[in-house]
Amino acid sequence: MDSAISELPSRTPLAASADTGLKIVIVGGFGVGKTTLVKSVSEIRPLNTEEVMTQAGIGVDEPAGLTKTTTTVAFDFGRISLNDRMVLYLFGAPGQERFWFLWDGLFSGTLGAVVLVDTRRMSDSWYAVDRLEHHRTPFVVAVNRFDGDHASFSLEEIRQALALPDHVPLIECDARVRSSGKQVLISLVDHLRELARAREMTP
Amino acid sequence: MTRRPVDLGDPDRLYTVTGGRSRADDEKFDLVTLVVSECRPSPGMQSEHVRILELCERPIAVVEISAELRLPVTVVRILLGDLLSTGRITARHPRAGRSLVDLPDSSLLEEVLLGLRNL
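Chains as they are written, first to last, in our numbering: chain A, 1093 to 1295; chain B, 31 to 149.
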């Protein structure tokens, strides 16, 4: 099994010709395997950083009473050099409701998203699916079938549980396995390419 | 001007690093903007600027600089703004648009697919 290599370098310089950074966001609840997926496909040991986000108070419309709250949000990321010029960055993003403002502040311009699902905690993913559709961010849903997922739901049952429209690809994966993680990314980019082609055909 | 590494535990220190500024021009530096240094550090330069110039000898993304320096992305953006305005770095911005719904051309996605399949 070509499982993730644990001895990944942390600091490997990019090619001098690298000029195009791209991003894909992996979103999911706590413990669903986001970092595992990033690690299995990344060429560097996943790094962690943080951003201090300032959010205007919600429901306050008087300028004098405007409250601002500052939240520090940590996130992991990994990197894949696609060729001499293009570098893909993978971000693991918390999917809980209170972190969703990150999408406007940090993850704008993302190619698309992967919603990683744990069938034992399906409700964690429902919110992410809802928000991505609202933002019109293209995405695929990947069910992480790791050990113990024996009493597994079928993909059709999961599609129903998440109220996932037919046009959204739904796949199974094992986030620990490099070839499986790679296949998840290929499914997403394949989906994006079809969307782009459809748009290019429209006059 | 500080010459010591930043103590992450104290928010005041972050203000010292950035000379009291707390907001960057976010439009200039995306998380995946690739930064390249155009000169070597010079004596008397702020230690964080020196570290950035060292990291950027080869292209490196804003988010990687943030992780390496253990500084929040916002702080790194401010420091990069200083270096950009004095011509010490250049920035290679991402091709994709800033909007969430701005899908790239299928030809770019084709290149991404090829790169992923060759992994």
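Since the hints were made in silico from the structure, they are not lab data. Quantities reported herein were computed from a predicted structural model and do not represent experimental measurements. Using N, Cα and C, we set each Cβ at its ideal position, and we do this for glycine too. A hint or two may mislead.
To be verified - Straight line, CA to CA, 20 angstroms or less: simulated DMTMM-like cross-link-like pairs of lysine to aspartate or glutamate:
id : chain 1 : residue 1 : chain 2 : residue 2
1  : A       : Lys1274   : B       : Glu140
2  : A       : Lys1274   : B       : Glu98
3  : B       : Lys58     : A       : Glu1135
Said to hold, decoys possible - DEER-style ranges, computed between Cβ atoms:
id : chain 1 : residue 1 : chain 2 : residue 2 : range
4  : A       : Asp1282   : B       : Arg125    : 33 to 43 angstroms
5  : B       : Leu149    : A       : Thr1164   : 32 to 42 angstroms
6  : B       : Arg125    : A       : Ala1166   : 25 to 35 angstroms
7  : A       : Thr1164   : B       : Glu84     : 48 to 58 angstroms
Hints, one by one, checked against the model:
no., hint, in the structure
1, A:Lys1274 to B:Glu140, "holds (15 angstroms)"
2, A:Lys1274 to B:Glu98, "violated (26 angstroms)"
3, B:Lys58 to A:Glu1135, "violated (27 angstroms)"
4, A:Asp1282 to B:Arg125: 33 to 43 angstroms, "violated (19 angstroms)"
5, B:Leu149 to A:Thr1164: 32 to 42 angstroms, "holds (33 angstroms)"
6, B:Arg125 to A:Ala1166: 25 to 35 angstroms, "holds (28 angstroms)"
7, A:Thr1164 to B:Glu84: 48 to 58 angstroms, "violated (26 angstroms)"
Of the hints listed earlier, those the structure fails to meet are numbers 2, 3, 4, 7, in rising order.
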